[in-house]
Amino acid sequence: MKWNKGLMTGAAAVAAACMALSGCGGASSSGGASGGSSAGGKVEITYIHRLPDKSGMTSVEQIVSRWNKEHPDIHVKAIHFNGNASDLIKKLETDVKAGNAPDLAQAGYSEIPELFTKGILEDVTSEAEQYKGDFAEGPFDNMSIGGKTFGLPQDTGPLVYYYNKTEFDKLGIAVPKTQGELIASAKKAAAQGKYIMSFQADEAGNMLTGLAGASRPWYTVEGDAWKVDTQTAGSKAVAKVYQQLLDDKSATTNPRWDPSFDASLQKGELIGTIGAAWEAPLLMDSMADKGKGDWRVAQIGDWFDNGEKTGPDGGSGVVALKGIKHKAEAMQFLDWFNTQIDDLTSQGLVVAATTGTAKTPASWSEFYGGQDVMAEFAAANANLAGFSYIPGFSAVGTAMKEKAADVAEGKAKTGSIFDAAQTASVDTLKDYGLSVAQ
Amino acid sequence: MSLIDTTRAKFRNPMRAQKKADRMRERMENDLPRSMRPKPIAKILTVIILVVALIYFLFPIYWAIVASTKSPAQLTGSNGLWFAVPLNELPDAIAANYATLLGWTRDSFWRWVGNSLLYSGLSAVIGTVVSVMAGYATAKFRFRGKGVTIGVIMAAMLMPAALLTIPQYAIFNSLHLDNTMLAVIIPCCVSPFGFFLGRVYAQSSVPNELLEAARIDGAGEARIFFTIVLRLLAPAMVTIFLFMFVATWNNFLLPLMMLSSEDLYPVTLGLYGMVSLAVFNDRGALMMGALLGVLPVIILFLTLQRFWRAGLAAGSVKG
Amino acid sequence: MATVISSATPTKPGVLVRATEGETGATKGKRTKGRLSPAARREERTGWLFMLPFVLLFLLVFIVPILYAVYSSFFQQVATGGGAYGGGEIVNRFVGLENFKYVITSGTFWAGMGRVLLYTLIQVPIMIISALALAMLLDSLIVKHVAGFRLGYFLPYAIPGVIASIIWVYLYNGQISPIVKGLAALGINVDFFASNVVLASMVNITTWTFTGYNMLIFLSALQAIPHELYEAARIDGANGWQVATKIKLPNVRGAALLAMLLSIVGTIQLFNEPQVMQTADPAISSSYTPMMMAFNTSRGFLTPKGDGPANAIAIVMAIIAGLLAMIYAFAERKVNES
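Protein chains in written order, with full-length UniProt numbering: chain A, 1 to 438; chain B, 1 to 319; chain C, 1 to 338.
Treat the hints with care, as some may be off.
[Claimed, not checked] Within a straight-line C-alpha distance of at most 30 Å, the following computed BS3-like cross-link-like pairs (lysine-lysine) qualify:
hint, chain 1, residue 1, chain 2, residue 2
1, B, K39, C, K144
2, B, K146, C, K334
3, C, K101, A, K411
4, A, K69, A, K132
5, A, K187, A, K170
Hints are computed from structural coordinates only; laboratory data are not their basis.
Looking at chain A on its own, in the form it has when it is part of the complex (with noise of 0.2 Å):
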């Protein structure tokens, strides 16, 4: 046959490059293969996280080179993500199906539940009970499920009031102490042209979660099935108060996240609002140096028919992937790392640790009028209600978030977003074959 050779050689060529494109691809995926201990019976340990690293802060990579040099005989190589939670969850599935996944990675607490159904965790907990003593228990719980453990919890994000003394001052009126007084002063200083409260609906499924969950749990498990009730009375007190502010167009609608957000706080317009923990340094960035001094971190007040407590929003833990090549050594490295009180703080974080205190960072107090925040937020993670999540509550977070956006659009009352979140919690677990308590 005439027809050939060179056909057949191309043919061969491309299947080569074929199988160096791929071997390429699988080695330099990030996480590699785990592990193995190499010849002097040192160990590796891989560890992907999406903390911020930004400039100014200890970044993880001095983190674990400390770490690397004290301990010679467990080597840690950490890789940052880039990207959303979302797409990180995505990553971790398809790397341990490859069965090429990191041996621990960052999960925020509500992501865990799903995590462990979808069968990529490996239960650590007899190498993670000894460190138990060093971490607040709530968030030690939200590591473990059905009373196996999967990791260490890192950082929290209890719900907490950032306002500008200042301009409060001026307005005078205080930190609002009840549910009465908050409306009464939202709308004081609406007529000012001024805002002491946001309604964000791009965070709706975090923040109204854990302002509603404060005050009793949405998710219960009684025998082998799920109890759903979305609407405590927590979350019916939260509906309401928003609903008045909205009508009394006491409250901002800018999404958290977009740049109207920032500006309205530029402009000095929106002067209090409910925010996470973590949120400190982020809102520091949104103002650009504007109101630097004048505002302050307080406790929230019995706004929402929760007494004293308050709920989370974020915060995350450390999970031993699926394939997990050394358990006790990387259960070490992690009790270490999470209770780095110092460096963790600088990432913005407020530790789950108990090992020691946490400092307020410099630019913090200039910022927060000399005001210890680290001490506030203590003080709230001390108020921080238990609250655990369902298997794939981000479909829940979702259906959250679309209502909560027609909601601020003036086309749904709030209350409609705690029935979205019933509707959504339902099905989801009922796709998942998982049985609901009626």
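For chain A, the structure is supplied; the task is to place chains B and C on it using the hints.
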């Protein structure tokens, strides 16, 4: 007259035809009969419309250039139409944003651009060769099942490609090829549109007599293809190459589904990763990334301009 | 005038899919029924060998995924082992037509489909007509520097859809955009993200990106019109308007109709623009377009989640897109016949 016939006619010698047409037009302009010459008012109106359209198409690019020199505060606080700093301070502002960009991307920016070039270049080269081979086969050979094959491929041209991405991901995942370079390159090398163009070009610019003569001389089919046919189809291949290159460069959903390692990201996905972070606010630096990221495509377009314009005339079809 | 009209035969894009065979083949030997001559057999083998690389890739990239999509659309992913959290493993469960029932009865899906159809109905004609208008104006020899205009109009096409969307999202933003600020200074307050405007904002992004590209195709088609036609028109004493409508339009008709068909197929899968705009506007839901719904279903942001329901959405979309393409082709043939 079918579309294929017309395109074939147009394509016989695209570059020469184009030049000839241009020359003819220039001549005609001078000796148009009075009745066909535009009235002054029509002339002014035309110029206005064309200039307004030009502003519309170029303004966002101009704005992006200006924005790429600004800090977040300058972006909201300064005049959006002009630089926020005096011209002599511009290099510093650019350097600052460039540093921010590299900071956000953890120095991966140029790697991402390199990945994009690699994905687009490789898939376009492979895709062009296989398209032309298949197009040549259907244009010049008789074999059973040809009609059905052509029908299926043409039907695939009307299939919204994005829909295939989800099952493609499942297939590549089960082959353990997801999150590799191949996961982007392989799907991008198959283009029914490329096949269509390859077929049209092969029909129009490969004379049967030449093939006959080569066969009589005893040349093998592979040799005929690689030494004679490919040479005849060279300008056509540049067009197919560019179409496929741009299609891969612009593809977003596929790498979004397939890739999870930052090291493998193309530049579109890398920049999207920055925007999708809620806390991201260095929008000026992002604009710089966007501009630097499209530079290679623009350069490619400009340098190969005469080829693809000729090809467009022949294809007269959207990719 | 008569000569002009008759010689400008409109092209029929409908013929595109029909294989018009021009090959002579490597052998002249006629094919006898049933058995092939050795020469014909050789030709057949050579033909298939040339086809092989493309066909193999095509099978891997198109056919296998389509078959897999159909197969997996009958399954849902559920947790094993019972218990509140399941047993830590996900398995596929056969659910019959459950996923399709979900898609067909989903108000969200049809709302998204409606949005996309509305979008197509607005965007495609605007883009094709403006591209055609610009091409004809550039072809009218009225302006100099045609190359400059041509390049300027075409430049947006070199910018990937995602990046174009990011740029426009900023140009829509009230805090950043000189356009919004400028209009506000004139007393015109526009909110490009308002729920009744946002679709138009997306239309603008797509139009900005692709008009120049289509314009270039039309311009090329116009410039390929044989000179003799103009010559004939001149002899017949036709005016500029007549030349435009009787010669130019019929000659780009084929290209325009085909561009329209492919644009319709393209807009059905609308994804990049809304996906990027969502990062700036929470009011754009995760199921704003069917393609976003499919993506977010496979990512688990919507429930039911996973590949099964996602593929069911994709299949229903493909069927609708196919039907639309057929209706379009049919309508166009009818118009041509009449």
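- [ ] State the violated hints by number, sorted upward, taking the hints as numbered earlier in the document.
- [x] none
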